[in-house]
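Reminder that position 45 of the sequence shown reads as 46 in our numbering, one-by-one numbering, no gaps.
Derived from the structure by calculation, the hints contain no laboratory data.
Treat the hints with caution; some may be incorrect.
Listed next, the in silico DMTMM-like pairs over lysine to aspartate or glutamate satisfying Cα-Cα at most 20 Å (straight line) [what the hints assert, rightly or not]:
| hint | residue 1 | residue 2 |
| --- | --- | --- |
| 1 | Lys98 | Asp72 |
| 2 | Lys98 | Asp68 |
| 3 | Lys98 | Glu52 |
| 4 | Lys98 | Asp64 |
| 5 | Lys98 | Asp31 |
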Amino acid sequence: MILAGGMIVSSTGAAQALTADDVLNNMTTDQRYSYIAGVVGGLAYSRYLREQPDQAGMSCIYDWYHDAETDSWPQIATWFARHPDRQVEPLLYVLIKRECGE
2 MILAGGMIVS STGAAQALTA DDVLNNMTTD QRYSYIAGVV GGLAYSRYLR
52 EQPDQAGMSC IYDWYHDAET DSWPQIATWF ARHPDRQVEP LLYVLIKREC
102 GE
């Protein structure tokens, strides 16, 4: 089994989305940070495309994740631990929606 582009690919060729449990328990700290940062970046860019030229939503999302003063990781880890079998992307979307609206 290998990690490729955020998907787990097994020897059978089937791909599965990563779950919160995969991120919490099967990734190194560096892998976890990179993967979550990529998902957050995708959600932020999607928000920008929907609201352009307004960048407030995109900025809120980036600030929520990258701002050292707010440290979103404990919130993310707690949320993931509560929903270990769920996909990462919708879980992050819910957290971001709470902080930055739609």
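Task: Hints breached by this structure - done: Going through the list in order, the structure violates hint 5 alone and respects the others.
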